[in-house]
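Chain C is already provided as a structure; the job is to place chain G on it using the hints.
Take a look at the letters that make up each chain.
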Amino acid sequence: MDRLDGVFRALADGSRRKLLDRLHQANGQTLSELCAGLDMTRQAVTKHLNVLESATLVVTIWRGREKLHYLNPMPIHEIADRWIGKFERHRVRALSDLKKRLEGDRNE
Amino acid sequence: MSKAQFVYVTYIASTVEAVFNALTDPEMTKNYWGRHHNASDWKVGSRWEHRDYVDSSKVDIVGTVVENDPPKRLVVTWVQPSQEGNPAKASRVTYEVDTMGPLVKLTVTHADLEPGSEMEQSVSFGWPIVISSLKTLLETGNPMAGMTKRWGDAA
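Residue numbers (the working numbering), protein chains in the order written: chain C, 4 to 111; chain G, 960 to 1114.
Everything labelled a hint here was simulated from the structure, so no lab data went into it. Remember, predicted model here, so these are calculated numbers, not experimental data. We put the CB at the ideal spot given by N, CA and C, even for glycine. There could be a bad hint or two in this list.
[To be verified] DSSO-like, lysine-lysine: derived pairs with alpha carbons at most 27 Å apart:
{"no.": "1", "chain 1": "G", "residue 1": "LYS1064", "chain 2": "G", "residue 2": "LYS1031"}
{"no.": "2", "chain 1": "G", "residue 1": "LYS1017", "chain 2": "G", "residue 2": "LYS962"}
{"no.": "3", "chain 1": "G", "residue 1": "LYS1002", "chain 2": "C", "residue 2": "LYS70"}
{"no.": "4", "chain 1": "G", "residue 1": "LYS1048", "chain 2": "G", "residue 2": "LYS1017"}
{"no.": "5", "chain 1": "C", "residue 1": "LYS50", "chain 2": "C", "residue 2": "LYS103"}
{"no.": "6", "chain 1": "G", "residue 1": "LYS1002", "chain 2": "G", "residue 2": "LYS1048"}
{"no.": "7", "chain 1": "C", "residue 1": "LYS102", "chain 2": "C", "residue 2": "LYS70"}
{"no.": "8", "chain 1": "C", "residue 1": "LYS70", "chain 2": "G", "residue 2": "LYS1031"}
{"no.": "9", "chain 1": "G", "residue 1": "LYS1002", "chain 2": "G", "residue 2": "LYS962"}
{"no.": "10", "chain 1": "G", "residue 1": "LYS1048", "chain 2": "G", "residue 2": "LYS962"}
{"no.": "11", "chain 1": "C", "residue 1": "LYS103", "chain 2": "C", "residue 2": "LYS70"}
{"no.": "12", "chain 1": "G", "residue 1": "LYS1017", "chain 2": "C", "residue 2": "LYS70"}
{"no.": "13", "chain 1": "C", "residue 1": "LYS21", "chain 2": "G", "residue 2": "LYS962"}
{"no.": "14", "chain 1": "G", "residue 1": "LYS1048", "chain 2": "C", "residue 2": "LYS50"}
{"no.": "15", "chain 1": "C", "residue 1": "LYS70", "chain 2": "C", "residue 2": "LYS50"}
{"no.": "16", "chain 1": "C", "residue 1": "LYS50", "chain 2": "G", "residue 2": "LYS1002"}
{"no.": "17", "chain 1": "G", "residue 1": "LYS1031", "chain 2": "G", "residue 2": "LYS962"}
{"no.": "18", "chain 1": "G", "residue 1": "LYS1017", "chain 2": "G", "residue 2": "LYS1064"}
[Stated by the list, open to error] Where chain G lies over chain C, by a calculated footprint (3+ residues, C-beta under 8 Å):
{"no.": "19", "stretch": "31-45"}
{"no.": "20", "stretch": "68-82"}
[What the hints assert, rightly or not] Restraint ranges, calculated between C-beta atoms of paired labels, are given here:
{"no.": "21", "chain 1": "C", "residue 1": "THR49", "chain 2": "G", "residue 2": "LYS1031", "range": "23 to 33 Å"}
{"no.": "22", "chain 1": "C", "residue 1": "ALA97", "chain 2": "G", "residue 2": "SER1041", "range": "24 to 34 Å"}
{"no.": "23", "chain 1": "G", "residue 1": "PRO1040", "chain 2": "C", "residue 2": "SER18", "range": "27 to 37 Å"}
{"no.": "24", "chain 1": "G", "residue 1": "LYS1017", "chain 2": "C", "residue 2": "MET43", "range": "47 to 57 Å"}
{"no.": "25", "chain 1": "C", "residue 1": "GLY17", "chain 2": "G", "residue 2": "PRO1040", "range": "26 to 36 Å"}
{"no.": "26", "chain 1": "C", "residue 1": "GLN28", "chain 2": "G", "residue 2": "ASP1000", "range": "18 to 28 Å"}
{"no.": "27", "chain 1": "C", "residue 1": "THR63", "chain 2": "G", "residue 2": "GLY1060", "range": "26 to 36 Å"}
Chain C extracted, bound-state conformation (with noise of 0.2 Å):
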């Protein structure tokens, strides 16, 4: 099985990318700053962030008593590298950014 299965499964779940999308704004939270502002349980949080985890999408750091999770952005420049030419990364991230200061960086 492509590795990259599991991946593209964890991405394919709009709570998952929420939780990305947050981990993005401010890495490395504890699971109650994960879940402050959030319509979802505890328990789907968890659940959501152990099948990021195992997609190595989230990773885990102890601080003293603390868990925090950071956005391991790896696996996503992988598949990035796979279909993006290394000389167009430059172009393409330059169109994103444009589109993303155009669009006043909304994220949907």
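Just chain G now, kept in the frame of chain C:
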């Protein structure tokens, strides 16, 4: 205890020794890290330099070796040469190399970056490229196409 801003985890079909060597051997770093030597004797307290391999007077990042436990763990500080005297500007990079079944798990953690700084932006763009280039080099024996050029030349 400081909080890391960025954590990168990747799995490499290699050995811990080869991965650790690739992080500390300047002849290896030049092949996957934008044509730069990462040079040091890697003794705790020693200086390390991230320098252009053609023009070795051109040093882009410097720092001090904080911990070195080969082939498992390397911790260095990370600062622009012009700000070397200012501890507030120094960030910290931790490399951890673990065996994970047939693979090697490489974790790179970057902490103590100044929020919103240019350095924070450029490392968040650069690390995934450097790490996946390292993975490609170790797994295939060849560097990634774009990474045989110097930083900036690829644009």
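Verification of the supplied hints:
no.	hint	in the structure
1	LYS1064/G / LYS1031/G	holds (10 Å)
2	LYS1017/G / LYS962/G	violated (31 Å)
3	LYS1002/G / LYS70/C	violated (31 Å)
4	LYS1048/G / LYS1017/G	holds (20 Å)
5	LYS50/C / LYS103/C	violated (31 Å)
6	LYS1002/G / LYS1048/G	holds (22 Å)
7	LYS102/C / LYS70/C	violated (35 Å)
8	LYS70/C / LYS1031/G	holds (22 Å)
9	LYS1002/G / LYS962/G	holds (25 Å)
10	LYS1048/G / LYS962/G	holds (15 Å)
11	LYS103/C / LYS70/C	violated (32 Å)
12	LYS1017/G / LYS70/C	violated (40 Å)
13	LYS21/C / LYS962/G	holds (23 Å)
14	LYS1048/G / LYS50/C	violated (39 Å)
15	LYS70/C / LYS50/C	holds (15 Å)
16	LYS50/C / LYS1002/G	violated (43 Å)
17	LYS1031/G / LYS962/G	holds (21 Å)
18	LYS1017/G / LYS1064/G	violated (32 Å)
19	31-45	violated (count 1)
20	68-82	holds (count 7)
21	THR49/C / LYS1031/G: 23 to 33 Å	holds (30 Å)
22	ALA97/C / SER1041/G: 24 to 34 Å	holds (28 Å)
23	PRO1040/G / SER18/C: 27 to 37 Å	violated (45 Å)
24	LYS1017/G / MET43/C: 47 to 57 Å	holds (50 Å)
25	GLY17/C / PRO1040/G: 26 to 36 Å	violated (45 Å)
26	GLN28/C / ASP1000/G: 18 to 28 Å	violated (41 Å)
27	THR63/C / GLY1060/G: 26 to 36 Å	violated (19 Å)
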